[in-house]
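Participant: As a plain string of letters, each chain reads:
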Amino acid sequence: MRVSIGEVQSTVMKATRGAYMSWGMAEEAGRVAAWLETRRLPGATAAASLVEENDSIPMARLSPVDPFEVIVKGEGRLCPVMVGAAISDANRDEAFEIAAVAHPLLLVSFVAQLGEGQQTDFSVTWHGVEILCGYNGLTVKGEEADLLKNYVSSVKIAPSDQKADAVIKRELRAEVEDTIWDILEHYAHRTYVPASEASRLAGAGAGLTDND
Amino acid sequence: MNGQHTYDQLVETVVPRRDPSLVMRLARMGSFHQTRLSFMRNLLRRLRGGNWIFSIERWEVDDVGVGVGVFQAKGPERTYSLVAFANDLDPSKRSDRVIAEEWDATFTLFDGVPTQADIDRLSKNVPLQEAGRISEKEISLSRANRSVRMFEYVRDCLATGAQPDKAKLDAVGYLMRTTAVYGSAKFGAIDRFHIEDRREFNAPFQAELLSVFMTRWFTIEIVEHLARVKGGAKAAKLATNIKRGLGVGNSTGLGMAPFLMNHPALLNNWIMCREEALARVRSIANPTAETVAKCRNILARSIDDATRWNTDHEGQADRVVEFQSDLQKLQERVSNDDFAGDLPWDALYRWAEKNLSLEGQEFVVTLLIEPHGDLVDGLTDCMAADEWRFFRIDGSVPLDTFKEQFDESYAWVMRTDYSVKEENARFWYASEEKLEPRVGERHDEEGAEREHPLATGRDLSAMRKDLDRFSDADSLAAFLLEHPEHRHAVRRVQINGYHPYSEVQDNLISSTMMPIDLLRCKLSFFGATKFDPRSDRWVRITMFQNAPYPDELDQEDFDDWVYPVLKGAN
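Quick mapping for you: the protein sequence lines, in order, are chains L and C.
Residue numbers for the first sequence follow the numbering used here, so the first one is 16 and each next one is one higher.
Residue numbers for the second sequence follow the numbering used here, so the first one is 80 and each next one is one higher.
So here's chain C without its partners, still in its complex pose (with noise of 0.2 angstroms):
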């Protein structure tokens, strides 16, 4: 019998992981769900495997709502805390754009415990976010913008000591919206590679999460403090069930979508493991009676959580109605299938690839592994990648290798015509104003010699012409020697040698790409739901909704708790 196997055992598998030519579309990359290797879920299960020890050390916020909090995460080994700067905002200012200036609320992640003088400096530098410095005590920044029809219901309530309309708060799902949270030598913030051997941040972005994670319980004490200050003493808390719906916002735009371009052995890493999860449960010849049951449960809970799943961005609006239609479709496949056939969970997903939308197939790789915790959470020890070990180049291999490695790997490089205007049509820049990604129009806007590294499909496929220009038997040191220009499309290849999950494979700067679908990938694997698409650049989620508050990491439903009870099942 499967599904007793730890990591650290090797796991055959039968059926091998996806293609990396099925997997890297955009399509396909921005129809991702989250899983439960995703590393809000993995932070969650250290927090709780750990021990961790929760509490606030300082709330010293007026009746305006404006002061410090210090809210402290104690760990097996070390310390952190939370300082955030609660502030009056001017409803005019309030935009969650990187453009911003000013916010509701500013957080900075602390080594340690703050001293009266670190809070001092800090209080100078957080609140002004990119324009303030942290030092190396800090290892994140960022800030929150209130969700003002949320916040105010909520706060009107409890002050009058009733309790907000659950159905209506689990349609928004958060009372305060996060834009960007900064880590990694950002603005003066810890390099990543003085903390990444430290057992709670070696995966990745588990620093930035735990920032998110202690936001949301600032986001509850901050609306019960000001409905104190309206309501006194007749002031009510928030209910437990209702708490539980509420997670933090989160508005995410270009800034992060040249990342997965610039950590092209991180991507693979995360995307391996998620190939190598499926392939596992695929695997499986014969399902246990108990995972059949998680699985019928979970697409259960999914059915019903896939109804709040709101937006108004036209496309997405269209695939959300294609996927509940898919999860019908699933649940009737589901509820009829013995699990008695030859490798029934491949079976599964091979009838799911044929029947279902890209949402729905997507989604079905997510429930494939949602039952499989001890078969594939090992997975998330080999998510993290040190970009620098494959940074440099090897310039001995031979130019017939070099070619044949790319002609096998690359073909969807040479499928498109970079000379039509269509497929050359932007580039991506940094901005002067806020040094922030930015994707703009070739053929109507200044800057475009200006342009980032991330036209990959292009400058790849310019390299592959000019090594036709060399004998076969040069080296790849000869051949950079005279084109220095194609240095970082050399290494790109050289990196999909050893991580064949390294490149996204559709062009970038076509007319028609939408850089939504590289950050609803990234956002995936953060453990995201929710996605709201303001734009085809911009796009709203939700991060930890339904999941336990660090008082409650103890419960016995935790494992699942990205999926809501269903009403009655309790």
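Only chain L is shown next, with the shape it has when bound in the complex (with noise of 0.2 angstroms):
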């Protein structure tokens, strides 16, 4: 599927309301999802499996205890996503690590947006991956398996001395794949609500003819 950045957004957001989180935590999720696509990242796949993975799972499950600690943990695997809008939240402005959080990926935007705030350059590092991301950009190394692990037992994340390479061009489009957009687009159909003939000429306002 070739689709546009904002159908991304939009589709992450269904997506994660209708597999667990808040409306407005759906919403970073989305943003989180269109921030990697349009630098070339698979913000779309990882946001696929980790909804199928925390489907109806309560948010205060997937939730750090304390966003300020020097390792920032939950009971169990973090949602990259709420761990992220809490250290953003936090304003972390120092090294700190996340533990057991799953799709690292989807935190990295949360990093940029610390760094774009402080006006410095963080890096961001798990098994095989080093990211530096914020004030000048974005620089990923790492093999594609690495980056979309789905779990990871930490992540570190220090302000750093380095600069990241400017983002130059944003992608036009986002290529997902076609199951991958099928998962997302499940899990967006549990925001909708089934029409009935009720609905139709009351909700959507039709009803009288517009034949003239």
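It should be emphasised that the hints constitute simulated quantities derived from the structure, not laboratory data.
Glycine is no exception: its CB is placed at the ideal position from the N, C-alpha and C atoms.
Incorrect hints may appear among the rest.
Here are the simulated DSS-like cross-link-like pairs (lysine-lysine), alpha carbons at most 30 angstroms apart as the crow flies [what the hints assert, rightly or not]:
#1 C:216 - L:184
#2 C:513 - C:500
#3 L:164 - L:88
#4 C:247 - C:601
#5 C:172 - C:322
#6 C:153 - L:184
#7 C:544 - L:88
#8 C:433 - C:373
#9 C:316 - C:172
#10 C:601 - C:500
#11 L:184 - C:265
#12 C:313 - C:245
Which stretches of chain C does chain L cover? Using the computed rule of at least three CB atoms under 8 angstroms from a CB of chain L, they are [said to hold, decoys possible]:
#13 464-478
#14 524-537
Each chain sits in its own coordinate frame; assemble them with the hints.
Facilitator: In structure tokens form, the structure reads like this:
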């Protein structure tokens, strides 16, 4: 599927909402996926696995306990969007670690957000992957398989003296495998209300003829 | 003397902008009229200023009206093409609702000049609308249906070599009605962020309205084509003065209402610019004779035009009658005023607040802004917004500060008891059938658990109550960690901190809420006229009525095209 960035954003938002997130958190998820895809990183693919793994799990079980800790952790696997939002809210500005987090790729835009706000770059590292992101742009080192890891036991984040590469080109399109897109649409579908004759007439405001 | 400012000069105002608590009420927003800041008028000013050249590059339409046309717009830097697919629609399938599956004509605005391969690809997708796919080469996707009574009447008149009756056409105002005009990433179209840096598309909805402006041209071409098929050599072309009175109709349902709540920074910028324009005019100490004459002229033309504001909608029909009487009072006031007192425009506005209905008051806003293009037109450069810039939540804010901000700006939230059935009567959702926004009855219909976050008042009020369970010294980050369900409400409040006009200050799930008020507000910024509600949740309008056609943009009477010229005035 060749889709627009806006379609990634809205479909991931609806899918994460359909699976387990509040609307405000799902807005973050949609933005994360769009942010990654405009930088040619597989945000939609990571988001699709995430919703499958976390389907119907209460948010509290996926949340960090305290985003200000030296090692941020939860009771089990952390949701990368929820922990990402929490560290962004906490505005972390020193080195720290996140333990046991699913799909670490989905964390990256939150770290970039910290860097943009603090006018600096941050490094984000996990096994096989080294990312520099923030004020200056984005540099990614790592194989796709490592980038798309569905779980890592540790992610290290720290302000960096190095400068990330400027993001020169933003992608026009996202290329998402059909099976991945189907997963996202399946969960997005849960945010829709089935139509009834009553809703067609009343809800949409039809019923009067237009053939005039 | 005022009136010499350009937008890049700081304009000092002695009269402040109207307060959000006055402006952002549904009843008032549902009374807005177009102004010279509207996106349509801004578009035509730019097309004229840039000497855009328009041409028909292809017209392959058969005798039953099926085929393709390519209409080209060439600007200083880039060329765009409206690719139009004409259809011979079975009348039983003609519906303007989003639930329709076939239309009289379908369109896409192509970025550049399409090749044959592009047109082949588009011919397999554009006529299907939501069921098809377009690409990053396309900017918009839309469709239109004929107004059957008008279209056939005009075709038949022209076929015999006669002109249709102008009064009859003016009363309807168009030959075809568009329904949805999709842009920005929808169905595969290019994302706005890729084109917003182009000078011609930076202001809101310029690409979509360029497509509508060219669609209007298509409606004339297709009716003249079918008249030629029927009448042969004796067929006439539409007379220029009759053509002018024809715009493009539009039928708009709930689909566009959530947009206002989902784009709070953008909504703010639209309203703020309009309010700033009003404040600038109200602050003028000594109006020029020219602006006063212009005001009187526009008023006379508006009085005439209001006689053609037709609607069968009971509520709106009453309002139109009241509006017409407002206009008479206004004319009396304006013709007797020597505009020599203290802040004369301000005095006129304050008089309107005391003496006119909301329709009349908001028309006075339009009227005051109208003669002052040099003072206000630059504001149209400030009407776009990048919502993502304000998306990130600042979690470092202490809760006492956050609560204080909330309590100052959101008093409207707390005046409603959302546990009362009537105040919690509705829910906004997306239908499975067409993925379009709808409003359901919470207590009678299934699906409220799938509600969209548009019950702003109720959600903000719930958030405020939970805030009290935290210590004032706690941070917003700590609150959100425990209450992720309030994240969207918290974001709204923070955006409002920089954007005082970001919130509609009414309960959007009340049993008495009228979605058409939201539609009217949005459409007035587009530049729509002749609001004709068909129920409490969809409305018909006219776009570009009285506007010049692409080959008339250099005409002298250009600037105030929206107000029809009085009979005998030329």
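Participant: If any of the earlier hints don't hold here, list their numbers in rising order.
Facilitator: none
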